[in-house]
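Asker: Single-letter residue listing:
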Amino acid sequence: MLSSDIVIPDQLCYHCGESCSDTSHSYDDKHFCCNGCQVAYKILKEGDLCTYYELDRNAGVSLKKLKRREKFDYLEDQEVIHKISDFADDKHLSINLYIPGIHCASCVWLLENLSVLDEGVLKSQVNFLRRELDLLIDIRSSSLRSVVELLTTIGYQPEIRFEKLDRTDTPINKDRSLWLKMGVAGFAFGNIMLFSFPDYLNNSENSLGIEFRLIFGALNILLALPVLLYSSQDYLRSAIAAIRQGGINLDVPISIGIAALFGRSLYEILSGTGAGYMDSFTGLIFFLLIGKMIEKKTFDRLSFDRDYRSYLPIAVNRITESGQEQSVSIDKLSPGLTIRLRNQELVPCDCILESEEACMDYSFITGESEPVQVVRGDLIYAGGRISGKSALLRTSREVENSYLTRLWDNKAFSAPDKEKVITSFADRISPIFTYTVLAIALTSGIWWLQSGMEQALSVFTAVLIIACPCALALSTPFTLGSTLNIFSLNGLFIRNSKLIESMANTDTIVFDKTGTLTSPDQIQVEYHGTAPDPVISSLLKGALSESVHPLSRSVAEYLKHIKPAKSEHYNEFPGRGIQIESENHIILAGNSELIKSTWPFLKITEEGSPVSGSVVHVAVDQQYLGYFEIRKGLRTGLNALIVSLKDLFRLYLLSGDNSAQAPYYEPYFGKDHIQFRQSPEDKLNFIQSLQNSDKHVMMVGDGLNDAGALKQSNFGIALSDDISSFSPACDAIIEGSALSSLNRFIDFSKTSMKIILFSFFLSLLYNITGLSFAVTGQLSPLVAAILMPLSSVSVMVFTFVTTRFFAKKMGLKIWK
Amino acid sequence: MEVIFLLIGFSLVVALIFLGLFFWAVRTGQFDDSYTPSVRMLFDEKRTSKTNQSNKNQDA
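As given, the protein sequences belong to chains A and B, one line each in that order. Here the first sequence is numbered in the numbering used here, starting from -16 and rising by one per residue. Here the second sequence is numbered in the numbering used here, starting from 164 and rising by one per residue.
It is possible that part of the hints are untrue.
Said to hold, decoys possible - Within a straight-line C-alpha distance of at most 20 angstroms, the following computed SDA-like cross-link-like pairs (lysine to any residue) qualify:
{"#": "1", "chain 1": "A", "residue 1": "K106", "chain 2": "B", "residue 2": "Y198"}
{"#": "2", "chain 1": "A", "residue 1": "K372", "chain 2": "A", "residue 2": "D361"}
{"#": "3", "chain 1": "A", "residue 1": "K737", "chain 2": "A", "residue 2": "E278"}
{"#": "4", "chain 1": "A", "residue 1": "K275", "chain 2": "B", "residue 2": "D196"}
{"#": "5", "chain 1": "A", "residue 1": "K791", "chain 2": "A", "residue 2": "A721"}
{"#": "6", "chain 1": "A", "residue 1": "K799", "chain 2": "B", "residue 2": "S201"}
{"#": "7", "chain 1": "A", "residue 1": "K106", "chain 2": "B", "residue 2": "T199"}
To be verified - Far from chain B, by Cβ distances over 12 angstroms, these chain A residues were calculated:
{"#": "8", "residue": "R389"}
{"#": "9", "residue": "F741"}
{"#": "10", "residue": "L747"}
{"#": "11", "residue": "P772"}
The hints are simulated quantities; they were obtained by calculation from the structure and are not laboratory data. The beta-carbon is built from N, C-alpha and C at its ideal position, and this holds for glycine as well.
Please model the entire structure based on the sequences and the hints provided.
Answerer: Written out as structure tokens, the structure is:
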């Protein structure tokens, strides 16, 4: 360990709550972690908006982590404004901005009070779950650019992505019709129940006058008609479509039930032979629609279908002929332009490096964890990230023709949607169910023919009515809806509840290494050698925290308890290391090449076990001190996870990295189950070959390099440390911290399949009970009105209680 | 007893008004975001309106 004589007490930033490593930023007796946070505070203070800090303590968004401050010149371009705004004329501009920084009630409060800070904002409304801000701007007194810049200054930088430029139509097709259908069905259900109630209480003819029967009957038909024509049309249409294609889905028996219920009721009311079953009919539709609503629950704020366009920024800085920087939207990038990219910025299209050298981080594209060194004239692929010093690039291809885009055109992405291919268990048993019901109905109808045609028809329809698989249709959406909810509370977000069945069938799990098993935050730094004295470590810390190279950052983080000191001379050699010159010392920190080139006589040691990570050597005044070993560690809890999965599933590890770390993973996966140097295509093909040998494959990955494999696998989980940030197309998104519970998630998905099976039996019991009434010709409207809602409600309660009971038993969170 | 026809008529009209209100609420997007309003209602309105006014006064 390094000695740490000068330790700073931890201070929390008043704005964002991060611990401040130095005390240079303070204002109003409050400490801030960086200049950005201090500026944000000042702005809020001037606008008298300090309630922000009262609603939630340290509510602010850390401005230290803000990678760069984008230039927003392109927001002055009328064409861009027109494309990204919802509405614009010469007075007003309405736009919807995606702001990932929204995280608490204070954010909502501040953003909705934006008009205090900028008079030009006429309306600002936040949708918290979608992390969106709806703005109405008066462009005579303000501009889109100034509002976006204000938002960035106070920590809410909107993410404006390339896909917005490509947008052809506004995606405001929010499906509200299901709500309306449910409203109509609920309205009719309630009213018909009330009108039918007197009838249930009195069976004798004389208590209710004939005129009441007439009026109630007429009203029942009037109320039920919109339910049949509007609310139930999804079921009828789906059933007709299924029959046309020669198949039978669950909507077929439901539609038969609907037709029997409505037809029989209409006949009874019109012929005056009975009160009809309109209450059961409307109730059935109402409950079914509730089930549909639950099934449709989605995670609005997550995007499961993102492609490369949402990965790219909307604009880059180009150098004009006069040498000035000007931001230009990337759809206008043509080959031959010079652009400047800064640390952590993305390369939008294939380019040629014009600067001397640059460090490229391709981890998201290829899975390689170490940045690659490129020199002048090298080709740089789109999707790479500049790491370290800024670089000048000359564009060589349009965005559409770049490597990243071609990666996306791979065959896997044109594969049919998995959801459409999946047939649920309910759909699979539907044909058997339908034929059985029809057979029972026909047999009992024929049996009753001896008592006359009318009685036979009555029994026939009664069987169809009572066998309508309402509870059956509800058990799946309700169970899966609950499961989906419980998963989301525990950090796993599944795109669609139907996919849970696919998850439960998993027998093979393929992991990606970089970014998935290892975490960028889980960096283990170890120091080997002689400990430097406090002065040296202070100087080292000071210089390393200036550098943006990932290794410098890791070492600086390791030295966090040491007070940094400023050195007079500080030099960074990109890709090699740093040199510090102070009054009495010369310090070198970097790779062996740097040290050898300065002091060739030094002997560099890497003692002990072979180093599996990266190394930063330290030499002071012509003496070799030792080295920092930086290793990307497994995420916490993953050792236990893999050990527990090993016995139940076939596990594989795919990595875009070289095989240096193979010995570390072999005990977990076995030698044959690890593949290194995998390109995105290799990964995809590997999954395919597993599937060809009848494996049901779950893929867990993170970057674009896994996108093909995720899409090809039977269940693809994208891992994301910040769930609102970019993730490739997938079936589910998992939070980094939740990955260690993957085994429990799979167990639970299997449990919920069993719960569905049990609730099927439960609803079959109701059906059998009802059928015994029906075939004996005793089904009165009252029995139907009690039995049908009862079965629906009891199935809902059963699934709700059992899913939560088992989730709790497995140690999953069931409440927020 | 004939008054009951009238009452049924009234009850239906009232129910239809509520159905209409529900349609209006859905169509104007009140069911689109079910979370943010629950946060928004807890904010203290007074402070902002005061600052709004003081800002306006300054401008005048």
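Asker: Against the structure, test the hints numbered earlier, and report the numbers of the ones violated in rising order.
Answerer: none
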